[in-house]
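Undergrad: Given the coordinates of chain A, assemble chain B onto it according to the supplied hints.
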Amino acid sequence: MKEILPGFKIIDAKPGLFVEKIKALVISDLHIGYEAALEKQGIQIPKSQYPKIKKQIKEMLEMVDAQKIIINGDLKHEFGEATLQEWKETKDLLEFLKSRKLEIIVVRGNHDNFIIPLLKKMDIGFYDPYYFEKGILFMHGHKEISLKEFGKEVKEIIIANEHPSVVIRDELGVKHKFKCFLKGKAYGKPIIVIPALSPLAEGYAINVAQEFLSPILKSVDIKEMVAYIIEPEAEVLEIPLKNLVF
Amino acid sequence: MIRYAKKKYTKKEVLVLLDKIIAEWFSNKFEDLTPPQAYAIPLIHKNKNVLVSSPTGTGKTLTAFISIIDKLFRLAKKGKLEDKVYCIYVSPLRALNNDIHRNLEEPLNEIYELAKYKGLKIEKIRHLVRTGDTPASKKQNMLRKPPHILITTPESLAIMLDAPKFREKLFSVKWIIVDEIHSLAESKRGTHLSLSLERLQYWVNHKIVRIGLSATISPIEEVAKFLVGYDKSLKQRRCWIVDVSFIKNKDIRVITPVKDVVHTSAEKLNKEMYKTLLDLIKKHRTTLIFTNTRSGTERVVFHLKQLMPKEEIESVAAHHGSLSRHVRFDVEEKLKKGKLKVVVSSTSLELGIDIGYIDLVVQIGSPKSVTRCLQRIGRSGHALHETTKGVMIGLDLDDMVEISVMVKEAYRNHLDKTKIPKNCLDVLAQHLLGMAINKKWKVKEAFRLVKQAYPYRSLKMEDFVEVLRFLSGGYSMLEDYKIYGKIWFDEKTKEFGRRGKYARVIYALNIGTIPDEVMVKVYDENGKYVGNLEEDFLERLVKGDRFVLGGRVYEFVSARGLRVRVKKAFDKKPTVPSWFSEQLPLSFDLALEISKFRKFVFQNIHNKKKVTEYIKEKCHADDNTANSIYEYFLLQYKFLKKNNIEQMPDDKHILVEHFYDEEGRRNIIWHTLFGRKVNEALAKAFAYVIGKKLRRNMGVMVSDNGFGLILPVDKSLNPLNYVNSKNLEEILKEAVKNTELMKRRFRHCANRGLMILRNYKGYEISASKQQTSAETLIKIVSEIDNFPIIKETYRELLEDYMDVENARKVLRWIEEGRIKVVEASLPMPSPFAHNIVLIGLTDVVLMEDRKEILKRLYDKIKREVE
Numbered sequence: 001m002k003e004i005l006p007g008f009k010i011i012d013a014k015p016g017l018f019v020e021k022i023k024a025l026v027i028s029d030l031h032i033g034y035e036a037a038l039e040k041q042g043i044q045i046p047k048s049q050y051p052k053i054k055k056q057i058k059e060m061l062e063m064v065d066a067q068k069i070i071i072n073g074d075l076k077h078e079f080g081e082a083t084l085q086e087w088k089e090t091k092d093l094l095e096f097l098k099s100r101k102l103e104i105i106v107v108r109g110n111h112d113n114f115i116i117p118l119l120k121k122m123d124i125g126f127y128d129p130y131y132f133e134k135g136i137l138f139m140h141g142h143k144e145i146s147l148k149e150f151g152k153e154v155k156e157i158i159i160a161n162e163h164p165s166v167v168i169r170d171e172l173g174v175k176h177k178f179k180c181f182l183k184g185k186a187y188g189k190p191i192i193v194i195p196a197l198s199p200l201a202e203g204y205a206i207n208v209a210q211e212f213l214s215p216i217l218k219s220v221d222i223k224e225m226v227a228y229i230i231e232p233e234a235e236v237l238e239i240p241l242k243n244l245v246f
Numbered sequence: 001m002i003r004y005a006k007k008k009y010t011k012k013e014v015l016v017l018l019d020k021i022i023a024e025w026f027s028n029k030f031e032d033l034t035p036p037q038a039y040a041i042p043l044i045h046k047n048k049n050v051l052v053s054s055p056t057g058t059g060k061t062l063t064a065f066i067s068i069i070d071k072l073f074r075l076a077k078k079g080k081l082e083d084k085v086y087c088i089y090v091s092p093l094r095a096l097n098n099d100i101h102r103n104l105e106e107p108l109n110e111i112y113e114l115a116k117y118k119g120l121k122i123e124k125i126r127h128l129v130r131t132g133d134t135p136a137s138k139k140q141n142m143l144r145k146p147p148h149i150l151i152t153t154p155e156s157l158a159i160m161l162d163a164p165k166f167r168e169k170l171f172s173v174k175w176i177i178v179d180e181i182h183s184l185a186e187s188k189r190g191t192h193l194s195l196s197l198e199r200l201q202y203w204v205n206h207k208i209v210r211i212g213l214s215a216t217i218s219p220i221e222e223v224a225k226f227l228v229g230y231d232k233s234l235k236q237r238r239c240w241i242v243d244v245s246f247i248k249n250k251d252i253r254v255i256t257p258v259k260d261v262v263h264t265s266a267e268k269l270n271k272e273m274y275k276t277l278l279d280l281i282k283k284h285r286t287t288l289i290f291t292n293t294r295s296g297t298e299r300v301v302f303h304l305k306q307l308m309p310k311e312e313i314e315s316v317a318a319h320h321g322s323l324s325r326h327v328r329f330d331v332e333e334k335l336k337k338g339k340l341k342v343v344v345s346s347t348s349l350e351l352g353i354d355i356g357y358i359d360l361v362v363q364i365g366s367p368k369s370v371t372r373c374l375q376r377i378g379r380s381g382h383a384l385h386e387t388t389k390g391v392m393i394g395l396d397l398d399d400m401v402e403i404s405v406m407v408k409e410a411y412r413n414h415l416d417k418t419k420i421p422k423n424c425l426d427v428l429a430q431h432l433l434g435m436a437i438n439k440k441w442k443v444k445e446a447f448r449l450v451k452q453a454y455p456y457r458s459l460k461m462e463d464f465v466e467v468l469r470f471l472s473g474g475y476s477m478l479e480d481y482k483i484y485g486k487i488w489f490d491e492k493t494k495e496f497g498r499r500g501k502y503a504r505v506i507y508a509l510n511i512g513t514i515p516d517e518v519m520v521k522v523y524d525e526n527g528k529y530v531g532n533l534e535e536d537f538l539e540r541l542v543k544g545d546r547f548v549l550g551g552r553v554y555e556f557v558s559a560r561g562l563r564v565r566v567k568k569a570f571d572k573k574p575t576v577p578s579w580f581s582e583q584l585p586l587s588f589d590l591a592l593e594i595s596k597f598r599k600f601v602f603q604n605i606h607n608k609k610k611v612t613e614y615i616k617e618k619c620h621a622d623d624n625t626a627n628s629i630y631e632y633f634l635l636q637y638k639f640l641k642k643n644n645i646e647q648m649p650d651d652k653h654i655l656v657e658h659f660y661d662e663e664g665r666r667n668i669i670w671h672t673l674f675g676r677k678v679n680e681a682l683a684k685a686f687a688y689v690i691g692k693k694l695r696r697n698m699g700v701m702v703s704d705n706g707f708g709l710i711l712p713v714d715k716s717l718n719p720l721n722y723v724n725s726k727n728l729e730e731i732l733k734e735a736v737k738n739t740e741l742m743k744r745r746f747r748h749c750a751n752r753g754l755m756i757l758r759n760y761k762g763y764e765i766s767a768s769k770q771q772t773s774a775e776t777l778i779k780i781v782s783e784i785d786n787f788p789i790i791k792e793t794y795r796e797l798l799e800d801y802m803d804v805e806n807a808r809k810v811l812r813w814i815e816e817g818r819i820k821v822v823e824a825s826l827p828m829p830s831p832f833a834h835n836i837v838l839i840g841l842t843d844v845v846l847m848e849d850r851k852e853i854l855k856r857l858y859d860k861i862k863r864e865v866e
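Just so you know, the protein sequences line up as chains A and B, in that order.
Residue numbering for the first sequence follows my numbering, beginning at 1 and increasing consecutively.
Residue numbering for the second sequence follows my numbering, beginning at 1 and increasing consecutively.
Looking at chain A on its own, in the form it has when it is part of the complex (with noise of 0.2 Å):
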């Protein structure tokens, strides 16, 4: 468990938030379907991600002590029409978080508009544009909000959609790409971003692209941010952005 702000532990490398105040697991970007998107597009790949999906966040419950999730927006990968299959997954992967006994937040991607009505049957909250509680805020990242007229004490910001990665050279001259969380200031509070969940999304190089996707993230300089790497089976890896900017 790597503490990347007092309270806020990323855990063993894995795409996940463990929030200590409130006792919830934070994850985002699951995509869920994201293979029937590609597959519209003319990539036929194996539809083998949902239990991988699942596996990721078993081990992470199984690693903290979480009386809650926070789904921080696109849970499922929407483009028109879903087969029957990924509504089967998204209701399987919701039904197995209240097996845990966990309180399950959906925060609104800009993904989520068809699962509205599946939320609203299993009596699972939704919260749109933002999640907040005890100063965090939660919200996707895909749209610009007004803490002036937030009218609470915002203490952190918590967002996702970025899909953050990085790329490294090798001495070789051979890049490698990383999913990393990013850790800053925006609005001047301290804000983190968390990696994609899904295996599809390797994510966006912000090292290369030299910008933020996100609206929230514009006004903020990336050689202010630190990255920290989550590669499978190492240790989280910090590095100021600052450092890899080519």
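Keep in mind that the hints were calculated from the coordinates and are not lab data.
One or more hints might be untrue.
Think about it this way: if two alpha-carbon atoms lie no more than 27 Å apart in a straight line, the pair counts; the simulated DSSO-like pairs of lysine-lysine are [what the hints assert, rightly or not]:
| id | chain 1 | residue 1 | chain 2 | residue 2 |
| --- | --- | --- | --- | --- |
| 1 | B | K568 | B | K268 |
| 2 | B | K737 | A | K55 |
| 3 | A | K155 | A | K242 |
| 4 | A | K40 | B | K779 |
| 5 | B | K567 | A | K223 |
| 6 | A | K40 | B | K743 |
| 7 | B | K779 | A | K58 |
| 8 | A | K14 | B | K860 |
| 9 | B | K568 | A | K40 |
| 10 | B | K501 | A | K40 |
Which chain A residues stay away from chain B? Per the calculated CB distances, all over 10 Å, these [unchecked claim]:
| id | residue |
| --- | --- |
| 11 | I43 |
| 12 | Q44 |
| 13 | I45 |
| 14 | P46 |
| 15 | Q49 |
| 16 | L119 |
| 17 | Y127 |
| 18 | P129 |
| 19 | E202 |
| 20 | K223 |
| 21 | E233 |
| 22 | V236 |
| 23 | E238 |
| 24 | K242 |
Label-pair restraints from in silico Cβ distances [unchecked claim]:
| id | chain 1 | residue 1 | chain 2 | residue 2 | range |
| --- | --- | --- | --- | --- | --- |
| 25 | B | K652 | A | K223 | 55 to 63 Å |
| 26 | B | R565 | A | P232 | 57 to 65 Å |
| 27 | B | K271 | A | Q210 | 19 to 27 Å |
| 28 | A | K242 | B | K652 | 52 to 60 Å |
| 29 | B | R666 | A | V226 | 54 to 62 Å |
Predicted model, so just to flag it, every value in this text is computed and none were measured.
Think of the CB as a built atom: it goes at the ideal place given N, C-alpha and C, for glycine as much as any other residue.
TA: This is chain B only, laid out in the frame that chain A set:
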């Protein structure tokens, strides 16, 4: 059974076989039969499968067609010429198709006129071209009135096999002619065609006669087997070989424009070379120059235009694959009309489009194989009784050695062997989809059909089933997902067939074996366009990297979409090697001959006269070449001697030299003269095992003459302790896993195997624009055992890109003691190692920078030994 035609028929004997009018037409037109005609026409007349190998300009086309025209004419005479396809002609080039169409026009018209003159009123024999360029309206007309002779490409033929209605018009076909079969056989395009031929044969009730036309190639029996395949009981079909490859006289010379290549400045060398070129051009009517690379072509044209007299500038032209089809066509037309004095080409004019009168071929730099050398030189002296004439110019010492040995072998008619790819699962996937569209299949029946094609003769049922599983969208844990499968496959009843209405569209839009390369345009700091880069290469670049483009060094600044900005860095060294260079690999067979040549020269190193005379006589080289080669070997000899190495590198000894480079890193150079494909395999395997032991990445430099390893730490490990002929393949698979090379090849295979479609429901898909890159996809599909696309990627890398088979052979030779490894610690790289050390700078013709470094290294050694 494959047999060689021994009987040469006389003109009289051949003409009695033909209809009187055809015979009369032929007699009026031609004095005598050409050699391929004298051997092959009677065989084709008896409906035998025939493979004809002979040089251009020996009447090959008519050899194939005359008997067919004769039989169609007889049908027409009887009023029995029906509206159906009798003959299909397939060639790899659309340009060649148009040529053939034109070349048939004349005889068909003349014969028709002659018949009319004789009072015969008959139906005309129709011949038409059908390719991707053919407009829909013409295709519609073809459906109503199909051509008797259909001229097409392998891809279009495959599409026709699934074209509703039109496919049935093909079922009457009696003859198939495959032109330029040598170029098809060694690539996946040929593999693709071989399956099309068997698919067509499956639907036809009679035996289709197969006629192959080839340039010089070896082993010719393999190509014959490739042409005919196997019958339903998997017995090899019969084929006759007519091999008259060597009937033309040749006059090939190796020349070097200056006395001392090493110590002549690049500027002077260039000047002298162009002087020599101009001189040659002046003395001939039309000269064809080959340069190996496109950038080289552009540079030679540029310089020639500056040097040619003003009124002749328009008679200089370039012809290469990056030029638009329109420009190329224009050049070809001018060539045919004899309007060009000189045309410069990379490889595009190698194949048999009729390019008119060429009386000299000049090859700048090594063409890397004897076969290619002969094919290129064979483009000159188009008429049968003319001598083919070629001049070879080497660019550096290794090049000079290479082309000298090449010419020696060419005169001995020693061709290097080509390899026909085996069991390509990606190509198979395309055809299985095509087959599924035709009808419902029993697995066993479809499997047998596929095995009838020569490249699939050893295909395993397991692999076949894996491809079906993949196409059916199997591998999913969950049934519901299967709706996206392109076919349905029932593992219980062992049947498969088409699924979904898009199958046909996917098939038609994604067929073919040549991967899309996305090119990005490069502009300098002044906004001037300087050339194209492959997108994959661009992905590797970061700001500040320097690389070679069009023979010059540029520094990468930034990239936006398909536009790249660079700045000039002409006087600097490149920092990123162009890994994806256009260079051809040296053939294994020729490499072995060069090793033997090394042995001869070292054995006679104290007898300059003997060595230089040998080179001049056997290699047809000039004084400059012979002297330079001798001096080069002498320096290597003296240098090794001085460092107490007694054994020189030759065909029985691999020299392994260790030295420290300017940055103090240990370099190990393996002088494995086996060609780049073999060296690539050895180098990758060695680097992998050493890297694993040291837990660090290794630098690798690979050339045709050897390879180099750069060790990150100063330790000497012998890779032969870990790599052997038995585990090489497994190690290589590990070594290429997740490399840039693997990703790139995977994408190509995924395209061909229809895993990543290039075009889906009318959308053009750029693989690079996908959010999910090949890297992620590889990771996901690698988890599945025997996933066919991954399997094929490894196969292609190991067997086609590298040459694992011959690499294994080399390791076995070492294990058996037939080749000895000699280790040497040296203060600096030996002369033979210079080109390997400079590998980062390879893909350049005439690059000043590189030459400077070579000279420096060479002089350092000279001082050392004197």
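Undergrad: Starting from B:K567, check that the Cα of A:K223 is at most 27 Å away, please.
TA: holds (26 Å)
Undergrad: Taking the shortest Cβ-to-Cβ distance between A:Q44 and chain B, state whether it exceeds 10 Å.
TA: Violated, because the least Cβ-Cβ distance between A:Q44 and chain B comes to about 5 Å, which does not exceed 10 Å.
Undergrad: Does A:Q49 really sit off the interface, with its C-beta more than 10 Å from all C-beta atoms of chain B?
TA: violated (7 Å)
Undergrad: When you check the alpha-carbon spacing of A:K155 and A:K242, does it fall within 27 Å?
TA: Given that 27 Å is the threshold and the Cα spacing comes to 25 Å, the pair holds.
Undergrad: What's the verdict on A:K40 and B:K743, does the C-alpha distance respect the 27 Å limit or exceed it?
TA: The given pair, whose Cα atoms are some 22 Å apart, holds under the 27 Å limit.
Undergrad: Non-interface claim for A:I45: all C-beta distances to chain B beyond 10 Å?
TA: Incorrect as stated: the minimum Cβ-Cβ distance to chain B is 6 Å, not above 10 Å.
Undergrad: Can the suggested window of 55 to 63 Å be confirmed for the beta-carbon pair B:K652 and A:K223?
TA: holds (59 Å)
Undergrad: Starting from the hint 57 to 65 Å, judge whether the C-beta atoms of B:R565 and A:P232 obey it.
TA: At 37 Å between Cβs, range violated.
Undergrad: Cβ-Cβ distance between B:R666 and A:V226: within 54 to 62 Å?
TA: violated (37 Å)
Undergrad: Per the stated criterion, does the least C-beta distance between A:P129 and chain B lie above 10 Å, as a non-interface residue requires?
TA: holds (24 Å)
Undergrad: Non-interface claim for A:K223: all C-beta distances to chain B beyond 10 Å?
TA: holds (15 Å)
Undergrad: Next pair to validate is B:K568 with B:K268; report whether the Cα-Cα distance is within 27 Å.
TA: holds (23 Å)
The structure fails to meet hints 8, 9, 11, 12, 13, 14, 15, 19, 26, 27 and 29 from the earlier list, while all remaining hints are met.
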